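A.B. asks: Chains as they are written, first to last, in our numbering: chain A, 1 to 321; chain B, 322 to 826; chain C, 827 to 972.
No lab work stands behind these hints, which were simulated from the structure alone. Since the structure is predicted, the reported quantities are computational estimates derived from the model, not experimental observations. Among the hints, erroneous ones may be present.
[Said to hold, decoys possible] Distance condition first, Cα-Cα at most 35 Å in a straight line; then the derived DSBU-like pairs of lysine-lysine:
1. B:Lys705 x C:Lys914
2. B:Lys751 x C:Lys883
3. B:Lys701 x C:Lys883
[Stated by the list, open to error] Cβ pair distances, simulated, as ranges:
4. B:Leu325 x A:Lys127: 27 to 37 Å
5. B:Phe339 x A:Lys135: 31 to 41 Å
6. A:Glu233 x B:Ile694: 51 to 61 Å
7. B:Leu325 x C:Gln852: 54 to 64 Å
8. C:Pro888 x A:Arg315: 48 to 58 Å
9. C:Gly839 x B:Asp783: 47 to 57 Å
10. A:Asp50 x B:Pro338: 24 to 34 Å
Every residue gets a Cβ at the ideal spot worked out from N, C-alpha and C, and that includes glycine.
The chain contents come next:
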Amino acid sequence: MKMTLLKALGTSALLSLGATTAMATECIAPADAGGGWDFTCRQIGKLLYDLKLVPSPVQVTNMAGAGGGLAYANVVNERNTDADLIVAASSATTTRLAQNAYGGATADQVRWVGTIGGDPGVIVVAKDSPYQTLKDLVDAIIADPSKITFAGGSAAGGFDHLKPLMVLKAAGFTNAKAVKYIGMNGGAEAITQTIGGFTQAMTGDISEITGFIKSGDVRALAILTPERVAGFEDIPTAKEQGYDVVVVNWRGLYVPKGISDDAFNGWATKLQAVADSAEWKAVMEANGLAPFTLVGAEFQGWIDGVVADTTALSREIGVIQ
Amino acid sequence: MEILSNLALGFSVALNPFTLFLAVVGCFLGTIIGALPGLGPSNGVAILIPLAFTLGLDATSALVLLTSVYYGAMYGGRISSILLNIPGDEPALMTTLDGYPMARQGRAGDALVISGVASFVGAMLATIGLVILAPMLARVAYLFGPAEYFALYLLAFTTLGGVGSKNQAKAVIAACIGLGIAMIGLDNTTGMPRFTYGNMHMMDGVDFLVAIVGLFAITEVFFFIETHGKGSAIGVKLEKVTVPIKDLIATSGSMLRGSGIGFVAGILPGAGASLGSFLAYMAEKSIAGPSGKFGQGDPRGVAAPEAGNNAAAGGALIPMLTLGVPGSGTTAVLLALLMTLNITPGPTLFADRPEVVWGLIASLLIANVVLLIMNIPMVKIFVKVLMVPAWVLLPGVTMISFVGIYSLTGSYFDLVMMVGFGVMGYFLRKLDIPTVPVILGILLGNQMEDNLRRAMVIANGDWTYLFSTGISIGLWTAAIAGFIAPIFLRRFLKRPPQPVDAEAD
Amino acid sequence: MASDRIFGLVVLGVALAYIASALQIQPSFLSDPVGPKVFPLVIGAVAALAALVVLLKPDESPEWPHGRTWLHLGIALAVLVGYAYALKPLGFLLPTAVAASVVSYQISPRLQTAALTGVGLSVGLFAIFKYALGLGLIALPRAMMG
């Protein structure tokens with residue numbers, strides 16, 4: 001029994017030592033285990049196999065480095081024709097590409113397969129906070145920006161930081177440099193600081209705070225989607241409060257540039273199949289993801305637009321020159 | 322009573338022949354993974370996640386397997402610390418300070434038994450603490466803001482002077498080397514690179530595992546080549562392995578205090594097991610005062626950090642389960658596993674999924690007992706490592722280190738850097754500069770800086786914010802006392818001058 | 827004495843270079859009163875001060891190895907660096923056998939035992955890592971695997 005287990009270990013549980021058995025799909029999560037990219041790889045990988053879309057279990061490789069930049073460079077430079085490789089990506093990937101944070105790499109060096117779910121942006125405060133609506137918070141910042149600090153899961157200038165800045169911009173407040181923000185190691189730490197009263201508000205994705213909303217420790221002031229999200233009907237959108245801002249952290253994949261069109265379309269079809277499955281819908285619901293599916297050529301065009309917009313915004317607030 | 326019925330629920334989920342079998346396998350693999358330099362609890366758990374899926378394990382069985390590996394690795398890290406002076410993973414760092422001298426005196430068996438029991442005590446108390454206090458203790462994380470964390474790290478650094486070296490200035494230099502290295506990479510506050518000189522590999526900074534394995538394992542190889550093993554523990558005549566009851570009783574206080582300190586460090590998401598074992602060690606050292614033989618093989622110096630790091634591992638599960646905040650690399654991996662199983666940790670987890678939480682707690686208790694039963698008899702086998710000739714053992718350790726580090730990133734860059742650390746470690750050790758502060762600097766440097774800067778952002782640059790709460794004032798007081806006390810103690814107690822303290826000028 | 831003085835000078839030099847490098851760091855663009863420079867500058871300054879103390883009050887010099895031992899250390903260092911570069915392109919078995927043999931020979935200069943140790947470790951560790959721990963090591967260069 002023990003031997004069988006050890007054998008199973010040897011034959012199945014490959015780690016990232018550069019070796020890949022032929023045919024097995026590899027999914028690179030460009031961060032350590034536990035984050036959003038890791039989640040994307042593991043969930044999509046699991047469903048690809050469960051739905052019999054790939055013949056053997058998908059190996060997840062964690063390739064942390066430079067906020068995804070190391071994996072990006074690796075795919076572009078060393079794995080450019082590997083048709084069995086998929087890589088987890090999200091808004092963080094495009095934000096960094098737009099801010100030229102991947103050492104000169106650009107978004108057209110890979111092919112963007114698609115997104116199959118979106119994590120709506122939220123702005124939350126602790127339950128005992130004096131701010132009842134998004135307007136209360138925005139007005140307080142406009143009155144005195146030094147009184148309010150946001151906590152978020154990304155570094156300054158990153159995706160979480162951009163969310164309140166976009167809301168404030170919609171409110172006509174453009175002195176982005178005055179808005180105080182501290183970057184924590186992930187959304188859960190940011191929410192802890194906010195509940196603890198050290199920061200006045202938290203900016204993040206809704207999946208990071210579902211438990212805290214359910215337990216009543218925090219109050220979500222706004223969700224940054226076009227319409228209210230199923231399961232969180234109580235949370236008003238920023239749009240209905242008069243700030244037309246939509247920020248959704250998409251979850252999806254890219255593949256190397258050099259693979260054939262057939263291979264690319266194959267991945268697009270498979271991803272669409274995952275998106276359509278009941279299992280994926282259950283995963284989304286359990287994790288606070290909203291449906292947000294764009295696959296193939298349509299996604300590619302959308303990505304180009306997002307990168308251009310982010311570049312413009314980042315330049316405006318001074319993150320890049 | 323509710324706790325008991327909950328526990329019964331947990332055991333009813335977690336206790337059956339198959340999961341027990343998984344626990345034994347997991348503990349065994351975990352111990353081995355923990356003992357191998359470079360492979361620690363986090364890659365151990367990461368390696369086994371795919372296995373859990375391939376075998377089609379259900380949520381509970383997967384949890385049992387992985388928590389066994391987690392705790393097994395925490396136990397295993399001490400083995401190479403004691404036998405080879407090479408920490409198997411970063412929480413086992415402090416165990417080298419007294420464990421290895423014990424091994425050199427032929428007391429490797431005693432050191433392993435004491436540390437094994439200490440691990441058990443620490444892990445057990447932490448698990449019990451988790452059972453009774455988890456919902457309450459989750460709130461502790463809310464009390465620690467940037468100012469409090471900064472003071473906590475400061476405490477670690479001000480007490481560093483007493484580690485290893487006789488020359489305070491050298492300990493300061495060592496800490497600065499570590500802190501300086503920690504600054505390399507993306508600045509967490511601005512997202513801008515510092516000291517990377519355009520090199521992609523440097524963007525994420527220097528992994529502390531690379532530094533640990535380099536400074537300890539590779540350095541050891543160089544030393545062996547120079548001295549041919551004079552003064553090492555390899556080949557030392559071993560005393561018969563018995564259970565050192567006298568030492569166990571004498572160190573029981575250290576174990577309890579170490580567990581307490583470690584547990585609290587574990588609960589704080591920013592502190593973790595390494596800080597837990599470090600503070601446990603330093604506390605014991607200062608309690609013992611000049612009567613202790615710390616650094617020369619004092620059993621308390623083995624018991625306290627091992628109880629500390631295992632208690633921290635248990636404590637770290639509290640913020641992970643109740644807040645979804647991983648307190649360490651390993652809990653991050655466990656968090657990933659839970660999320661893959663569609664279990665989202667958070668404040669409602671205890672209420673929503675009691676069978677998962679209590680199943681996990683039951684499996685922790687099972688893993689612990691299995692580990693104790695397995696580890697004590699295995700000491701006899703472990704000490705045999707010291708009978709392997711150096712010309713096999715050291716090349717072996719080197720190759721294992723390479724594979725361990727290679728498995729982190731799959732890049733030659735980290736391997737070359739590891740060899741670089743080995744060279745640095747050789748010179749540092751020659752010049753009597755302690756290496757522990759270097760590692761501590763790398764481990765805590767970024768956190769310390771980030772929290773200082775966060776605090777100043779919140780307070781708009783008002784420095785008094787750093788001492789504005791009771792907790793931070795308490796930590797500052799302890800930090801200042803920890804810095805000054807050794808200087809005064811030395812004066813008052815008129816310790817005999819250090820034997821090698823001969824200064825020519 | 828001399829050793830500590832040299833070491834103090836090296837640390838002082840590195841610390842000054844570090845401070846110079848820290849001064850080049852781009853200032854923060856957002857609300858950040860401390861900024862990215864302060865902490866590295868403090869570290870550099872403290873290190874420089876401690877280096878001065880060591881320079882002025884050096885300890886006894888340790889006993890340094892002599893000519894032949896330096897050679898052995900140099901060989902070991904070269905082999906380890908080479909091994910780091912060889913592991914990826916050449917697979918696990920060959921570089922490991924060579925590197926382990928050389929390291930073993932530096933510790934105990936007996937050619938046969940060293941070679942046997944190298945081969946034994948290479949094969950043995952490969953088996954352990956690949957089959958017991960499930961690491962995906964490549965045995966041989968890709969070219970030889972076909």
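A.B. asks: For each hint, tell me whether it holds in the structure or not.
C.D. replies: Hint by hint, here is what the structure shows:
Distance check on the hinted pair: B:Lys705 and C:Lys914 sit about 33 Å apart at the alpha-carbon level, within 35 Å; holds. Restraint check for B:Lys751 and C:Lys883: satisfied, since their Cα atoms lie roughly 17 Å apart, inside the 35 Å limit. Annotation: proposed proximity of B:Lys701 to C:Lys883 is violated, straight-line Cα distance about 46 Å (limit 35 Å). For the hinted restraint 27 to 37 Å between B:Leu325 and A:Lys127, the CB-CB distance of approximately 32 Å keeps it satisfied.
Judged by the Cβ atoms, the range 31 to 41 Å given for B:Phe339 and A:Lys135 is violated: they are separated by roughly 57 Å. Between A:Glu233 and B:Ile694 the CB atoms are about 53 Å apart, so this pair conforms to the stated range of 51 to 61 Å. At roughly 59 Å, the beta carbons of B:Leu325 and C:Gln852 sit within the given window of 54 to 64 Å. Hint check: C:Pro888 to A:Arg315, Cβ distance near 56 Å, so the stated range 48 to 58 Å holds.
Taking 47 to 57 Å as the suggested C-beta distance range, the pair C:Gly839 and B:Asp783 does not conform, at roughly 37 Å. For A:Asp50 paired with B:Pro338, a C-beta distance near 28 Å keeps the hint of 24 to 34 Å intact.
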